[in-house]
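Peer 1: Given next are the chains, with one letter for each unit.
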Amino acid sequence: MSNYMSQYNAANLIDKLADNDLIEPNRELNAFIINQQQAKEIPLYIRVLIGIGAFIASLCFIAFLAEAKIIRFDKEAGLIVWGLIFVVMAIALQKQAGEDSSIKHSIFIQISFTAMAIGKGLFISGVTQIFDSSWGLSLATLIITGLTYHLYRMSIDRFLSSFVFIFSLLVNILWAEEVSGTRALLFNGFFLFQMLCAAVLLTHGKIKSDYIPLSYAFVFSLCASILFLASHTEFGYWNNDELIHPAFVNIILAGGLIALIGWASGGLQNLKNEALILASLGTVLLGIFSAPGIILAIGLMILGYAKHESLLIILGGLLTPVFLFIFYYNLDISLMYKSGILFVSGLVLLAGRVYLHYKNWDKGALSCVQK
Amino acid sequence: MDTKQQSYTLEQIPANRRLIEVLYANGKITSEAKKYALNLLYPHKQWGLWVSRLMLIIGTTLMLSGIIYFFAFNWSKITPVIKLSSIQIAIFACLIAAYLYSLQRLSGQVLLLCASVLVGVFMAVFGQIYQTGADAYQLFMMWSLFTLGWTIISNFSAQWIFWLVITNTFLVLWWDQAALPSREMKSMIFTYMMLVNGIALALREYFALKGYEWLQEQWTRVLLIFASLLIMLIPIIMIISEPSRGTESRLISSLLGLAGHIAAYIVYRHKLLDMWALATTILSACIILEVAAFKVIIEVFDNEELVIFFLTGVMTLAIFTSAIIYLRKIATHIEVADHV
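Sequence lines, in order, name chains C and H.
Numbering-wise, this note's numbering puts 1175 at position 310 of the first sequence, and it's gapless, one number per residue.
Numbering-wise, this note's numbering puts 34 at position 31 of the second sequence, and it's gapless, one number per residue.
In short, the hints are calculated from the structure, not lab data.
Heads up, a few of these hints could be off.
Claimed, not checked - Computed list of lysine to aspartate or glutamate pairs in EDC-like fashion (alpha-carbon distance at most 16 Å, straight line):
(1) Lys38/H <-> Asp886/C
(2) Lys31/H <-> Asp965/C
(3) Lys37/H <-> Asp886/C
(4) Lys189/H <-> Asp179/H
(5) Lys934/C <-> Glu245/H
(6) Lys31/H <-> Glu1174/C
(7) Lys1071/C <-> Glu35/H
(8) Lys38/H <-> Glu24/H
(9) Lys298/H <-> Glu308/H
(10) Lys38/H <-> Glu1174/C
(11) Lys1071/C <-> Glu24/H
(12) Lys31/H <-> Asp997/C
(13) Lys37/H <-> Glu1107/C
(14) Lys1172/C <-> Glu24/H
(15) Lys37/H <-> Asp880/C
(16) Lys940/C <-> Asp997/C
(17) Lys1172/C <-> Glu251/H
(18) Lys298/H <-> Glu251/H
(19) Lys189/H <-> Glu251/H
(20) Lys332/H <-> Asp965/C
(21) Lys881/C <-> Glu14/H
Based on the provided sequences and hints, a complete structural model is requested.
Peer 2: Encoded structure:
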């Protein structure tokens, strides 16, 4: 726990900012900081525990409701109504829980999240059956996520709901019968959309913290898109597979990485700097020779370092071996070709590292980047 | 400065990324102040060094993967002599370069790890060419033995983790292909794996406390505790869910697993307080309790599915809520202790 805490407290920070004329200390600011501390987020490890508990319990209660004939999976209206009842119950329980760390809060939050999981599960089942299509699942998830996102203030629920919606769209685009003939175009467009959303949510300074779960949902969905693309080159239903070439995705990712380097250095105007011109050239080379998973992994790690978010660095670090594993078993590309892609990508990065060393830019502060 | 309100003062509130983001999102500080505050709390003086290390690690991983993919392709146009000698030359080149760079530097350590990977590639290619008919465990056993020497002197946690992965793989394969245990002794593999990984974790903690910096990286603890708990959990779950098939080896492994859980709890709660390690241990304990309670419910209410589902749901809520209440109590206690 202590590893995640800095040596500064809020009073030190305010003093430092005031000493540098960056703020004017005032009672309102102090009160604001103290108030937001009362409403602080539950630690991630506890949220994970809440999520696992709620998942198991919700499955048991859904089975109980079905066994007791309270719900029937062939009656859509009943599923939707019961789903909405549970969702309302979850919101009410969360409101009743308050915002402290008491025993009552823990009990109410756990029951509330379980009720939300049951409610969303039933609602999505009901709506999906009405439409009798896999697109119905996406629509149902969109409706329920949109309805609850601002009413139900639990980041794990916001993340999971948003991710399920984006992921269901991705799966539909890759395999649904309805998009036959335009699959590659739709996939590329959807990938671009995800990139833009993730970029705005993660790098725009004025985005509220409420949208952090949504930004992570987009990041995870980008990873899923890349992993699907690494596992096959053709997608579709039955025997109607269509080729999705990774070239466009590579261009988007390379462009995104250059923009990210510019953003991390303090602004796109800094890309004229010698070090960043070379970094951009290296990225272009990766865009030409490399595979999407590698560029995305590097991008996530740089973004994580720039934003001081270790979760993004870990995600980038984990994406690399998972991508390499899935890429190995992609039977549509020969091992020789894959070997060439990986070897050249590695060579580009190591050459970049040698150049950094030659220019002495790897000795501590890289002032040209940090300006 | 007037900092008192309810139970908190500004001095008690940690300054972290979340606080800065909240202040900025609510218009309390400018973007300039946000940038200054982030650099104050999380200094970015090391961008060049960090990027250089990232390039080294990712670049090396990709090149090694490229080499593995290449030899897996088994290109017939290359003669066996060229295949084997090129890998041997690469191993020696890595070892010499590691010596020249020195094992005190990341470059030297990464080169040594490359040599370890290439030893495995060499043996796989050797088996591919000569069709020796040897069991897979022999490859991993030799791989583990050949790389043990330089792993000991490496001072590099990734090298140790890599060696542990090879050794665990060897153990599992050896148990399956060579030891050929009787049904009664089959589950002893969990005991052996618990011992290997448990000793590794204990040594990691001991030497990290003694001041060995290269062992103090958090990820090694996370990985080892996760692997150890998983190995300890499996025999316990097996014996609870199928007590009638409880062999002597399963009983020994599950008792050792229980002892391991208790030890992990004591160490990460009272000796080396770590909330993530403690939460993982408690999650594992929750799963054990969950399975045990489910078993009891099924035994008592035999075919009454309605009651079984309902009681299991309620019991799950009770188990996980208790764990959450306990963890939050400790977390609050630590927070107050750290900032008062």
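Peer 1: Against this structure, judge whether each hint is valid.
Peer 2: So, going through the hints one by one against the coordinates:
1. Taking the CA atoms of Lys38/H and Asp886/C, the gap is near 14 Å; set against the 16 Å cutoff, the hint holds.
2. With a CA separation close to 24 Å, the supplied pair Lys31/H and Asp965/C exceeds the 16 Å bound.
3. For the given pair, Lys37/H sits about 13 Å from Asp886/C by alpha-carbon distance, which is consistent with the 16 Å threshold.
4. Using a Cα cut-off of 16 Å, the hinted pair Lys189/H and Asp179/H holds, with the two alpha carbons roughly 9 Å apart.
5. Our distance criterion of 16 Å between C-alpha atoms is broken by Lys934/C and Glu245/H, whose separation comes to about 31 Å.
6. Note on Lys31/H and Glu1174/C: the hinted pairing is violated, with a Cα-Cα distance of about 22 Å set against a maximum of 16 Å.
7. Under the criterion of a C-alpha separation no larger than 16 Å, the hint pairing Lys1071/C with Glu35/H is consistent with the structure, at around 13 Å.
8. The straight-line distance between the Cα atoms of Lys38/H and Glu24/H is roughly 10 Å, inside the 16 Å bound, and the hint therefore holds.
9. Between Lys298/H and Glu308/H the CA atoms are separated by roughly 13 Å; this keeps the pair inside 16 Å, and the hint holds.
10. For a cut-off of 16 Å, the pair hint linking Lys38/H to Glu1174/C stands: about 15 Å separates their Cα positions.
11. Under the criterion of a C-alpha separation no larger than 16 Å, the hint pairing Lys1071/C with Glu24/H is consistent with the structure, at around 9 Å.
12. Straight-line distance between C-alpha atoms of Lys31/H and Asp997/C comes to about 49 Å, which puts the hinted pair past the 16 Å bound.
13. For the hint pairing Lys37/H with Glu1107/C, the CA-to-CA distance comes to about 47 Å; that exceeds 16 Å, so the pair is violated.
14. Simply put, Lys1172/C and Glu24/H have alpha-carbon atoms about 11 Å apart, close enough for the 16 Å limit, and the pair holds.
15. In summary, the hint linking Lys37/H to Asp880/C is supported, as the alpha carbons are separated by about 14 Å, within the 16 Å threshold.
16. In summary, the hint linking Lys940/C to Asp997/C is supported, as the alpha carbons are separated by about 13 Å, within the 16 Å threshold.
17. Straight-line distance between C-alpha atoms of Lys1172/C and Glu251/H comes to about 53 Å, which puts the hinted pair past the 16 Å bound.
18. In summary, the hint linking Lys298/H to Glu251/H is not supported, as the alpha carbons are separated by about 21 Å, beyond the 16 Å threshold.
19. For the proposed pair Lys189/H and Glu251/H, the alpha carbon gap of about 9 Å is at most 16 Å, so the pair holds.
20. A threshold of 16 Å between alpha carbons decides the hint, and for Lys332/H with Asp965/C the separation of about 12 Å falls inside it, so the pair holds.
21. A hinted pair counts as satisfied when its Cα atoms are at most 16 Å apart, and Lys881/C with Glu14/H qualifies at roughly 14 Å.
Of the numbered hints given earlier, the model fails hints 2, 5, 6, 12, 13, 17 and 18; all others are met.
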